[in-house]
Amino acid sequence: MTEPDIPVIEVRDLFHTYLAGTALEVDSLRGVHLKVYPNEAVGIIGPTGSGKSTLLHHLNGLIRPMKGDVLIKGTSIFQWGEHIKEVRMKVGLVFQNPERQLFEQFAGDDVAFGPRNMGFEPEQVRVRVKEAMEMVGLPFLYKDRLTSQLSLGEKRRLALAGVLAMDPQVLVLDEPTASLDPSGRRTLLSILTQWRTLGDRAMVIASHNMEDIVELADRVFVLANGKVILSSSTGDVFSHYDVLIQNGLAVPAVLELLHGLKKRGYPVSLDILTAQEAAKAIKGLYDA
Amino acid sequence: MMREKSEFEHLIKLSVGQYIPTGSVMHRLDPRIKVIMGALLVLSAIIIGSLISALILLAAVIFGLSLTRVQLKLALASLRHMAIFLVVLALIQIFTIPQLHSGASMLFQRGILKITDRSLISGILLIFRFVVIVLGLSLFSFSTSTTELIHSIEHLLRPLQKIGFPAHELALTAHISIRFIPILAGEAEQLMKAQASRGADFAYRKWNFIRKIRKMLPLLVPLFVVSLKHAHNLIEAMESRCYMGGKGRTSLIRLHAGLGDYLTLAVGCAVIASALLVSFADIDRTALEWVWKNITILF
Chain C
1 MTEPDIPVIE
11 VRDLFHTYLA
21 GTALEVDSLR
31 GVHLKVYPNE
41 AVGIIGPTGS
51 GKSTLLHHLN
61 GLIRPMKGDV
71 LIKGTSIFQW
81 GEHIKEVRMK
91 VGLVFQNPER
101 QLFEQFAGDD
111 VAFGPRNMGF
121 EPEQVRVRVK
131 EAMEMVGLPF
141 LYKDRLTSQL
151 SLGEKRRLAL
161 AGVLAMDPQV
171 LVLDEPTASL
181 DPSGRRTLLS
191 ILTQWRTLGD
201 RAMVIASHNM
211 EDIVELADRV
221 FVLANGKVIL
231 SSSTGDVFSH
241 YDVLIQNGLA
251 VPAVLELLHG
261 LKKRGYPVSL
271 DILTAQEAAK
281 AIKGLYDA
Chain Z
1 MMREKSEFEH
11 LIKLSVGQYI
21 PTGSVMHRLD
31 PRIKVIMGAL
41 LVLSAIIIGS
51 LISALILLAA
61 VIFGLSLTRV
71 QLKLALASLR
81 HMAIFLVVLA
91 LIQIFTIPQL
101 HSGASMLFQR
111 GILKITDRSL
121 ISGILLIFRF
131 VVIVLGLSLF
141 SFSTSTTELI
151 HSIEHLLRPL
161 QKIGFPAHEL
171 ALTAHISIRF
181 IPILAGEAEQ
191 LMKAQASRGA
201 DFAYRKWNFI
211 RKIRKMLPLL
221 VPLFVVSLKH
231 AHNLIEAMES
241 RCYMGGKGRT
251 SLIRLHAGLG
261 DYLTLAVGCA
271 VIASALLVSF
281 ADIDRTALEW
291 VWKNITILF
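Line by line, the protein sequences are chains C and Z. Here the first sequence is numbered in this note's numbering, starting from 1 and rising by one per residue. Here the second sequence is numbered in this note's numbering, starting from 1 and rising by one per residue.
The shape of chain Z in the complex, shown without the other chains (with noise of 0.2 Å):
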């Protein structure tokens, strides 16, 4: 039997896009070509025009999931909160398009509700980009631990260097501040605590926000001196280990792609050239209006 949640277990929200490690081959895959990878799907998912092009990334992305042994419903908890949120999205896409548009084919009109073909595919396609990249990141996330995903980066920026880049501070900063979120969201919660044990109540009267505000402003102070001091530790035992900066620095880690991480690379853009060359065909708009044609004809 699960009853009410504490409210003032913030950590649980954090835990979305949490490292998970399983010590599957996803886990055991180079980082960079992870980050690269991932990038790489990002970055097609949002140019790809093509239903069976997401198709294509969809499958791949629960494919690279399945590798790393994580239960798929963690996965889909990130999907579930937006749910709602896509749905309108798409709504408003699948009503709009036609409006701004003319000349694609028109599947559905009652007054100034229009529905053309173009329009349904770029709807649902948007829900098919939002699931890939949100699937893609957790695939992601699950199977990265920050360290890795900071020296990747740093790995990768490298060769920016040469013209001044500071990769290396850059991928510090970075690191210190996604590792400070945990230990600000704990030390949040302990004042949240201590105040609503003093009689504040962070509790209920859900929507007024102005109260709400205010009874947050005591918390700001103190949780920004604590950051302060976290910092002041961080720097002294940075010191006291004689932290000097980047240059000349060895690595804990060190990252090496043996043939398996190559030959996943290939394999992955592989995968998503495909996608780009699915989508740029156009094959689908063709497969539609087959598909719509032999419905029409049935009925």
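So here's chain C without its partners, still in its complex pose (with noise of 0.2 Å):
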């Protein structure tokens, strides 16, 4: 167990320009600190081009700070060296649209991919395939089920799997609900909150959907132009109404509609974030 205030990533000053020396480059991060505690979950909100993937790609050293610093369990990402191989099984990364980089033909084989790149026996990788499937909700027949044809959601849980496989302490998670209907939307949010549950691990998503962050978030950075705007607990981020719509982003619809209430003079408190919560502070209205 790492001591509590030890982050399992620090990230320092973070600088980052793509395309740098040609003639197409562009800033993406302009000195982003950021630090995610065991046990914690981060939300990073930002509009698009704000350089969320760019510093999610940062966390498990897929790029490399040009400027500035990426710490892992205390340790700068340069120094990891030739073991960034250990840092990526530490910090398990799940893409935006896991399910376009599934390459192998069956389902099993692709959650098998990291635990055989980590040098697993077959039999350990067997029952890690297992487990990482049971645990996203895909039954382990469907391991010899063709990629190809799974729906959606299913590959994209199977995505997850393979990084779930891999046992990561810090689960990465770059928009994980965007383009899933509904009901793939919530069996996604139960796995990585029931996830959280087996201890000793923090996540970090990125997301647009306000209401994700509300239900996963502990914490919550606002990035903007490359740069944290804001960054807080959960509830209070979402009390910066003003600053969140400037920068081209959104409350939950919960706490939109409290503030439309509110315009109109009914005397509503702006601190609720669930639709329970809501519904009880509209009928002590109704009722007074």
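What the hints contain is simulated information worked out from the structure, not anything from laboratory work. Note that the structure is a prediction, hence the values are computed from the model and not measured. Some hints could be false.
[Said to hold, decoys possible] Derived pair list, reagent style SDA-like, types lysine to any residue, alpha-carbon separation capped at 25 Å:
| id | chain 1 | residue 1 | chain 2 | residue 2 |
| --- | --- | --- | --- | --- |
| 1 | Z | 247 | Z | 157 |
| 2 | Z | 73 | C | 109 |
| 3 | Z | 215 | C | 211 |
[To be verified] Now the in silico label distances, taken between C-beta atoms and shown as ranges:
| id | chain 1 | residue 1 | chain 2 | residue 2 | range |
| --- | --- | --- | --- | --- | --- |
| 4 | Z | 87 | C | 200 | 40 to 48 Å |
| 5 | C | 198 | Z | 214 | 45 to 53 Å |
| 6 | C | 31 | Z | 46 | 50 to 58 Å |
| 7 | C | 137 | Z | 177 | 52 to 60 Å |
| 8 | Z | 182 | C | 246 | 31 to 39 Å |
| 9 | Z | 169 | C | 198 | 25 to 33 Å |
Even for Gly, the Cβ is constructed at its ideal location relative to N, Cα and C.
Two independent chains are provided; combine them into the complex using the hints.
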């Protein structure tokens, strides 16, 4: 167990420029600071092009910092050197639209890719694949199905299983629920919540869906133009209504509703994020 | 401070020879004229046999590059990659030609190493040829978007349509292929990253080719699938917008050559013609002999 005060991931003054040294260079990150502690779920929100994905790709060393540093369990990503593979297994990264990156013919083989690369014996690989698939709600029998014949939601859960099979300490997710249908989204969210209860697990989620953030994240970082403009607990971040709206973001629909009511003169509290609480508050108004 | 670049940013390698919109005079020049002049330039750079004409062409290309308002260092960057390659080729040229041709005057001889005036010229000329062609092509690609390029090729090939040559289809196919390169590079980058983050290593053990190729195999299949998917989407998008092939199709970009364009063409042709003239008049062999004579007299 790590001491609670050492962050599992720490990002220090990170800069990144795409296509540096060419005529098309674009500044993507401009001095980002971020800490993720064990057992914590951190949300990252920001408009398209704010550098979210670039930041996430830094967290397991897919992109090396051009300036600044990324520390995994207190050790700089540069010091991991040839052991970068270990970092990539400790910090499991689930990409945007991960279902596009399934490449094995059979579902089971795709999940086994990580454990096999970790050098496990076939029997251990089998156990890990089974556990991971069951964790994401895919029957172990699915291992013999053709990857191409799964539904979008199943493919995405399969891709998640591929990462979970490596048993990472930190799970980094880029837009995990984008383009899923409501039931697919709910399934995925409950899988993620379930995964956190395994203990000593941290999570980083980038999303455009504020409801996902409310449901999953303890703390939120707001990224705009390559910088963190706001970071606080989830409840507190959404109280900065104007800042979020100005930056092309949104607050959860429930909160939007309450803001609408407030504008029309109803005395409602604005620190409510879930539908149940909001319903209670509105009922209170109705009764009064 | 710059550190090691990401091992996956393939797009970096693609940016050499990229269109850089600055809206300069060069960019506004009719692309058909740029295509014609580009072709003539490459052709003449190949057939010239004289250093002075190579210098004329080089000066013209550098003048053209300065007109694009793109930093010269970007054009030179592509040369830097092939510098060693060029020097080696030139050296081979310089030392092998004397063995094959006799009759040229000998400048240097030690054992089997011989340099004649002709071999020296052809060696240096080889470098100049490459430089002219590479800079000429960057001049062209900096100032011409692929759309313009394709349109002008289609335009220039149109007369051949009468004898059944599929000019439009050819242009379209070429256009789509070029468009797909960055898309596929991006997809490959994503796939490599996804596999690397599940423990595949593409990074070290640079020289183990078999291993490297084996690591590339799991990329090929999904890349193939993705490109078919992209192609399918493209077909649907084109069909849904009633694409029927080239017949009776009008164009958004109307190429229109004005007086300035024709003047540029004339000046460009004049420069190339003068370079060719100098070459065929064989001026610089005499010039070099003269310089050589004076140097030997001096010492």
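>> Check the hint pairing residue 247 of chain Z with residue 157 of chain Z against an upper bound of 25 Å on the C-alpha distance.
In response: holds (15 Å)
> In this structure, is the beta-carbon distance linking residue 169 of chain Z and residue 198 of chain C contained in 25 to 33 Å?
Replying inline: violated (58 Å)
> Do the Cβ positions of residue 198 of chain C and residue 214 of chain Z conform to the proposed distance bound of 45 to 53 Å?
Replying inline: violated (34 Å)
>> Taking the Cβ atom of residue 87 of chain Z and the Cβ atom of residue 200 of chain C, is their distance within the range 40 to 48 Å?
In response: Because 59 Å falls outside the window, the suggested range is violated.
> Taking 52 to 60 Å as the hint, is the beta-carbon distance of residue 137 of chain C and residue 177 of chain Z inside that range?
Replying inline: Because 42 Å falls outside the window, the suggested range is violated.
> Within 25 Å, alpha carbon to alpha carbon, are residue 73 of chain Z and residue 109 of chain C?
Replying inline: Given pair residue 73 of chain Z, residue 109 of chain C is violated - Cα atoms ~48 Å apart, limit 25 Å.
>> A range of 31 to 39 Å was offered for this pair. Does it hold for the Cβ distance of residue 182 of chain Z and residue 246 of chain C?
In response: holds (33 Å)
> Holds or violated: residue 215 of chain Z with residue 211 of chain C, Cα cutoff 25 Å?
Replying inline: violated (39 Å)
> Is the distance from the Cβ of residue 31 of chain C to the Cβ of residue 46 of chain Z consistent with 50 to 58 Å?
Replying inline: holds (51 Å)
Consistency with the previously given hints fails for numbers 2, 3, 4, 5, 7, 9, ordered from lowest to highest.
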